[in-house]
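Novice: Here is what each chain is made of, one letter per residue.
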Amino acid sequence: MSERSPEADGDLAAQIVKLQPRLLRFAWSLTRERETAEDLAQETIARALASQWRFQPGTNLKAWLFRILRNIHLNVLRAAGTHPPLVSIEELVVDPAGALEQNVNPVEARVIARAALIRVADVFRTLPPTFAIPLYLTAVEELSYAETASILDIPVGTVMSRVYRGRRLVISRLAEGK
Amino acid sequence: MSACTPHREFLAAVADGETKLVPAATLDHVSDCADCTSEIQAHQLLTTKLRQATQETEREPAEPRLGLATSGRLRVAAVGAAVAILVAAAGVTWSALSRPDPVQAAVVASSEPLQIQSGDASEVGQWCLQASGRTLPRIRLDGMQVVGARMDRIASTDVVTVVYTAPSGARITVGWLEGQPPAGSGVEDRTVSGHQLLVVHSAAGTAVVTGSSADEMWQTAAAIESTAT
Numbered sequence: 001m002s003e004r005s006p007e008a009d010g011d012l013a014a015q016i017v018k019l020q021p022r023l024l025r026f027a028w029s030l031t032r033e034r035e036t037a038e039d040l041a042q043e044t045i046a047r048a049l050a051s052q053w054r055f056q057p058g059t060n061l062k063a064w065l066f067r068i069l070r071n072i073h074l075n076v077l078r079a080a081g082t083h084p085p086l087v088s089i090e091e092l093v094v095d096p097a098g099a100l101e102q103n104v105n106p107v108e109a110r111v112i113a114r115a116a117l118i119r120v121a122d123v124f125r126t127l128p129p130t131f132a133i134p135l136y137l138t139a140v141e142e143l144s145y146a147e148t149a150s151i152l153d154i155p156v157g158t159v160m161s162r163v164y165r166g167r168r169l170v171i172s173r174l175a176e177g178k
Numbered sequence: 001m002s003a004c005t006p007h008r009e010f011l012a013a014v015a016d017g018e019t020k021l022v023p024a025a026t027l028d029h030v031s032d033c034a035d036c037t038s039e040i041q042a043h044q045l046l047t048t049k050l051r052q053a054t055q056e057t058e059r060e061p062a063e064p065r066l067g068l069a070t071s072g073r074l075r076v077a078a079v080g081a082a083v084a085i086l087v088a089a090a091g092v093t094w095s096a097l098s099r100p101d102p103v104q105a106a107v108v109a110s111s112e113p114l115q116i117q118s119g120d121a122s123e124v125g126q127w128c129l130q131a132s133g134r135t136l137p138r139i140r141l142d143g144m145q146v147v148g149a150r151m152d153r154i155a156s157t158d159v160v161t162v163v164y165t166a167p168s169g170a171r172i173t174v175g176w177l178e179g180q181p182p183a184g185s186g187v188e189d190r191t192v193s194g195h196q197l198l199v200v201h202s203a204a205g206t207a208v209v210t211g212s213s214a215d216e217m218w219q220t221a222a223a224i225e226s227t228a229t
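In the order they appear, the protein sequences are chains C and W. Note that this note's numbering gives residue 25 to position 25 of the first sequence, counting from 1, and the numbers run on in steps of one. Note that this note's numbering gives residue 142 to position 142 of the second sequence, counting from 1, and the numbers run on in steps of one.
The set of hints was computed from the structure by calculation and includes no laboratory data. Remember, it's a predicted structure, so these values are computed and weren't measured experimentally. Possibly wrong hints are sitting among the right ones.
Using C-beta positions, here's what the derived DEER-type ranges look like [stated by the list, open to error]:
id : chain 1 : residue 1 : chain 2 : residue 2 : range
1  : W       : 196       : C       : 54        : 27 to 37 angstroms
2  : C       : 126       : W       : 169       : 47 to 57 angstroms
3  : C       : 61        : W       : 212       : 40 to 50 angstroms
4  : W       : 129       : C       : 107       : 53 to 63 angstroms
5  : C       : 153       : W       : 171       : 41 to 51 angstroms
Here are some chain W residues the structure puts well away from chain C; computed CB gaps all over 12 angstroms [what the hints assert, rightly or not]:
id : residue
6  : 18
7  : 31
8  : 45
9  : 112
10 : 131
11 : 140
12 : 222
Yeah, the Cβ is synthetic: ideal placement off N, Cα and C, and Gly gets one too.
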C-alpha cells in the first residue's frame with residue numbers, strides 16, 4: 001500500500017466535503033425524506049473521512065462515496081428490520097404503456113423539447129426507484145454504467161436496461177401529460 | 001416486430017456514449033436507421049433536461065445541516081467548505097463586475113450582420129478558421145442549414161458566431177466563445193437583456209445558443225453537448 005502524505009489527505013478531505021450536495025441529492029433519491037437524506041449524507045462523509053486510506057487515487061471519488069452511502073442506507077434498512085423495495089414484476093416485465101414497442105415518435109420528441117424543466121423534474125419524481133436511481137446516477141451525476149453497476153451492486157446490463165426503460169417512462173409520461 | 005426492436009434497449013447506452021457495451025450489430029443498425037438516430041437524440045435531449053432540471057429544482061436541500069451527531073472534524077471541514085464557497089462566490093461576483101461578460105458579448109454578436117453568407121458549411125468553416133485562427137468543432141445538426149458567420153472581438157473575448165436556419169424556418173445562432181475552457185458539461189438556461197439563451201458547456205468548448213425557436217435551440221444545445229471534440 002502506498003503512503004499518502006498529510007497534504008494529500010487534506011486535499012482528499014476537502015474534495016469529500018465538497019461533494020456533500022451531490023451526496024445529499026443521491027441520498028434523497030434513495031430515501032425521498034429530507035432529514036433521513038441529510039443524516040445519510042453526513043454519515044457518509046464522516047465514514048469517508050475516517051477511511052480515506054481506502055480510496056484508490058485515480059478512481060472516481062464520487063462513485064466511491066456513493067457506494068459508501070448506499071451501503072450505509074442498506075445497513076440502516078436491515079437494522080430497522082426492513083428491506084429495500086423489491087422490484088415489482090410489473091415494473092420489470094410490463095412494457096410501460098406499450099412504449100417499448102416503437103421508437104420515440106416525432107410528437108414525443110417535440111414534447112421533450114418543449115417540456116419545462118419543472119415538468120421534467122415532476123415526471124422524473126414519479127418514476128419507481130428501480131429506474132429513477134440508475135437514471136439519476138448516469139444522466140445527472142454523469143457516472144459510467146460500470147460505476148453505477150458497482151454502486152448499486154447490479155450487473156451492467158441491468159443498468160443499461162433500467163436507464164433505457166426509465167427514460168422511456170419519462171418520455172411517455174411527458175407525452176401523456178401525467 | 002420491426003428491424004429496430006432487438007436494438008432498442010441499447011439505444012440509451014449509445015446515447016450515453018457507452019458503446020463498448022453495445023453489440024456491433026446494433027451500432028451498424030443505428031448508423032443507417034433514421035428512427036433509431038432520432039430516438040438517440042431524444043435520449044440525449046432528455047438527459048440534458050434532466051440534468052438542468054435537477055440543478056434547478058434540487059438546489060434547496062444542498063445546505064449542510066451541522067447540528068447532527070457528527071465528528072468535530074467533519075464540522076470543521078463543512079464550515080471550511082462553506083467559507084470556501086462564500087469566497088468562491090465573492091470571486092465570481094467580483095469577476096463578473098470587473099470583466100465584460102462573454103455571454104453578453106455573444107448575444108450582442110448574434111444580432112449583428114453576417115460577415116460571410118454561404119450555405120456551404122465547409123466554406124463557412126474555412127472562413128471561421130481564417131478569421132479566428134481556430135477550427136470550430138464539428139457538430140451534427142440534423143436538418144439545420146448554415147447561413148453564414150461573423151467574428152467579433154469584444155473587449156478580450158473572441159466570439160465566432162455561426163447562423164443556421166432550422167427546418168421550421170427559425171433562425172438559430174451558435175456563438176463559440178474563445179478562451180472559455182470546457183467546464184464539465186451541461187446547459188444553462190438564461191435570459192440576458194431580454195433574450196432567452198442557452199449556454200452550453202461541452203468537451204468541444206463553450207457556446208451560446210440563441211434563436212427564435214426554443215425547441216430548436218434545445219435540440220442544438222443537446223447536439224453541441226454531445227459533441228466529443
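Novice: Taking the hints in turn, state whether each one holds.
Specialist: Against the structure, the hints:
no. : hint                               : in the structure
1   : W:196 to C:54: 27 to 37 angstroms  : violated, 47 angstroms
2   : C:126 to W:169: 47 to 57 angstroms : violated, 36 angstroms
3   : C:61 to W:212: 40 to 50 angstroms  : holds, 43 angstroms
4   : W:129 to C:107: 53 to 63 angstroms : violated, 40 angstroms
5   : C:153 to W:171: 41 to 51 angstroms : holds, 50 angstroms
6   : 18                                 : violated, 5 angstroms
7   : 31                                 : holds, 15 angstroms
8   : 45                                 : violated, 5 angstroms
9   : 112                                : holds, 27 angstroms
10  : 131                                : holds, 32 angstroms
11  : 140                                : holds, 16 angstroms
12  : 222                                : violated, 9 angstroms
Figure legend: structure checked against the earlier numbered hints; hints not met, in rising order: 1, 2, 4, 6, 8 and 12.
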